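Asks: First to last, the protein sequences are chains L and B. So in this note's numbering, spot 243 of the first sequence is number 243, and the numbers just go up one at a time. So in this note's numbering, spot 232 of the second sequence is number 232, and the numbers just go up one at a time.
Coverage of chain B stretches by chain L, computed from C-beta distances (three or more under 8 Å per stretch; other residues unrestricted):
#1 77 to 90
#2 93 to 107
Among the chain L residues that face chain B by a calculated CB cut under 10 Å, a handful are:
#3 R92
#4 W218
#5 H219
#6 A225
#7 F228
#8 L236
#9 G281
#10 V282
#11 R283
If you want the ones that stay clear, here's a sample from chain L, every Cβ over 12 Å from chain B, calculated:
#12 D55
#13 V160
#14 I173
#15 W199
#16 G312
#17 L323
If you are wondering where the hints come from, they were derived from the structure by calculation, not from laboratory data. For clarity, every value in this text was computed on a predicted model and none was experimentally measured. Ideal Cβ positions, reconstructed from N, Cα and C, are used throughout, including at glycine.
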Amino acid sequence: MNRPVTRLLAIGMLALAVLVLALWLGAAIGETAIPMDVVAKTAANRLWGAGYGLDRIDEGIVWNYRLSRAVVAACCGAALALSGVVLQSLLRNVLADPYVLGISAGASTGAVGVVILGLGAGVLSLPAGAFLGALTAFGFVALLAMRSGRGTGAVILAGVAGSQLFNALTSFIVTKAANAEQARGIMFWLLGNLSGVRWPDVWLALPVTAVGLLVCLWHARALDAFTFGTESAASLGISVRRAYVVLVGVAAMMTAVMVSIVGSIGFVGLVIPHAARMVVGVRHGRLLPASALIGAVFMIIADILSRIIIPGQVLPIGVITALVGAPAFALILSQRKATA
Amino acid sequence: MSLSAHDLSWSAGGVSILHGVSLEVRPGELLGIIGPNGSGKTSLMSLLAGIRRPQGGQVLLSGQSLHGLARREVARRIALVEQQAETAERITARQAVELGRTPHLGAFTPWSNQDDAIVDLALEEVAMTALAGRLWHTLSGGERQRLHIARALAQQPEILLLDEPTNHLDIGHQIGLLHLVHRQNLTVVAALHDLNHAAMFCDRIALMQAGRIEAIGPPSEVLTAARIQSVFGVAAEIVRDGAGGCFIRYRHPDLPAPRAGWIAAAS
Numbered sequence: 001m002n003r004p005v006t007r008l009l010a011i012g013m014l015a016l017a018v019l020v021l022a023l024w025l026g027a028a029i030g031e032t033a034i035p036m037d038v039v040a041k042t043a044a045n046r047l048w049g050a051g052y053g054l055d056r057i058d059e060g061i062v063w064n065y066r067l068s069r070a071v072v073a074a075c076c077g078a079a080l081a082l083s084g085v086v087l088q089s090l091l092r093n094v095l096a097d098p099y100v101l102g103i104s105a106g107a108s109t110g111a112v113g114v115v116i117l118g119l120g121a122g123v124l125s126l127p128a129g130a131f132l133g134a135l136t137a138f139g140f141v142a143l144l145a146m147r148s149g150r151g152t153g154a155v156i157l158a159g160v161a162g163s164q165l166f167n168a169l170t171s172f173i174v175t176k177a178a179n180a181e182q183a184r185g186i187m188f189w190l191l192g193n194l195s196g197v198r199w200p201d202v203w204l205a206l207p208v209t210a211v212g213l214l215v216c217l218w219h220a221r222a223l224d225a226f227t228f229g230t231e232s233a234a235s236l237g238i239s240v241r242r243a244y245v246v247l248v249g250v251a252a253m254m255t256a257v258m259v260s261i262v263g264s265i266g267f268v269g270l271v272i273p274h275a276a277r278m279v280v281g282v283r284h285g286r287l288l289p290a291s292a293l294i295g296a297v298f299m300i301i302a303d304i305l306s307r308i309i310i311p312g313q314v315l316p317i318g319v320i321t322a323l324v325g326a327p328a329f330a331l332i333l334s335q336r337k338a339t340a
Numbered sequence: 001m002s003l004s005a006h007d008l009s010w011s012a013g014g015v016s017i018l019h020g021v022s023l024e025v026r027p028g029e030l031l032g033i034i035g036p037n038g039s040g041k042t043s044l045m046s047l048l049a050g051i052r053r054p055q056g057g058q059v060l061l062s063g064q065s066l067h068g069l070a071r072r073e074v075a076r077r078i079a080l081v082e083q084q085a086e087t088a089e090r091i092t093a094r095q096a097v098e099l100g101r102t103p104h105l106g107a108f109t110p111w112s113n114q115d116d117a118i119v120d121l122a123l124e125e126v127a128m129t130a131l132a133g134r135l136w137h138t139l140s141g142g143e144r145q146r147l148h149i150a151r152a153l154a155q156q157p158e159i160l161l162l163d164e165p166t167n168h169l170d171i172g173h174q175i176g177l178l179h180l181v182h183r184q185n186l187t188v189v190a191a192l193h194d195l196n197h198a199a200m201f202c203d204r205i206a207l208m209q210a211g212r213i214e215a216i217g218p219p220s221e222v223l224t225a226a227r228i229q230s231v232f233g234v235a236a237e238i239v240r241d242g243a244g245g246c247f248i249r250y251r252h253p254d255l256p257a258p259r260a261g262w263i264a265a266a267s
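Take these sequences, add in the hints, and give me the full structure.
Replies: Encoded structure:
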């Protein structure tokens, strides 16, 4: 076996180990601490019927609540970070991410439209509604940005306008059509919340994230080619329009599915790609998997914090990501300025 | 391998930029495109590179329409160096050149030693080997432009298109860069601003004005005082050397018309 392959395998194993450790901690830490070995035995029982005798309540908490939740958190972190990388590279904009560009807001509106208004007459599922909302929002923002001059600032301002518009639409729909209980639930969900997550959510989040990662990796060299802009990418043999459609589509799909499961979570897509660039550099062959891993681990940790930071209360995870992400982003911005 | 444009027209934002442009690039030549600002040089370059689609006419590469070919296929045969393409990414000089291998690599084709060798050679050609590890934003304009050329060379094209490659460079770098391009065993089309550089390095020159080709041919035929006056609005004398070359001496707008015999005296 040649050296690059061995190295790749070693890095892959290390990444997997880090991810497993994070999931393990995610399942063990909580309001009731559960010993690490009980978590491991639960996983062994459920995954290959190891038959360890365990407290049924402990086993239930670990398997039904915490592990499913940790896996979805990991998928969510990875998917949002990947979306952030893709949008930042395609738009050549360090401030781009699904939240800033209004894609998350559009996904929320789409999801609420399906749940509350019954749009799509039962044919359209919640994630599909979110996906349509996400695409609509991106279309709106892209159009607005193009009309206002395509610059870095124009895209972000268009994103701000798009976010505000779609958030207002969501609030309007909720206030007008939902009953009090629905409204409270939705407002809590909108802030980003993993409380209701169970295994069926995993079977949606995991494949979408895996497909998203694969499609992004498939386009890693194409994303590299955008380093000097779209014309440069075209002259390097990239069919720019196709790359845009596929990659924006995948980013919108990942964002929409995550929003439909856990609500709209900010700063992950924005900050994690920058953090990953500091570790592995700008080439997408490394940046994409690194961002996915760091995003996954970050989200699992953020979820743990959201459960233990206020005893007896669960903080919306979006609050944690913003509390960590905003200062981190400020730091990144000021560092970029110093080096540029 | 031949590249030719047939009756190209192109407009952007409702403004017509090129009309009825036809030209044939001869294998192995260095063809200079000159003309005032806004005469359509950049648009012509991007149509020739196939990154824009003409609204009328077509560009043929070895007899095939560029738009019938896959983008990747075109990029293996034609490389384009744009005017001052920039990035805010923390990319190294070498990584910028490595991008040139993109059209030769599939999505999961591993990077090979051969790719490394091609990149090494390209860096050597532009004398940037010593700076290969430097970050893009720490490099000067001349160094960045040389890297763009190296990226294009790493693409291993048969035809190299350069859009005002010497903009913002000092005279040493301007001459150095054109000499470098001239040395390559490639067919080159370069949009140039400096008429003397065009005269010095080009086998043929196409003079553009208001989206049309005004004249095309060897520098000494295309560059006449009358044309320079009518296209650029500048009074100039053409000084010819014995070897068929020429250079242009611009006259200060305040000075009176030249004395008869001035040109003969200068040559």
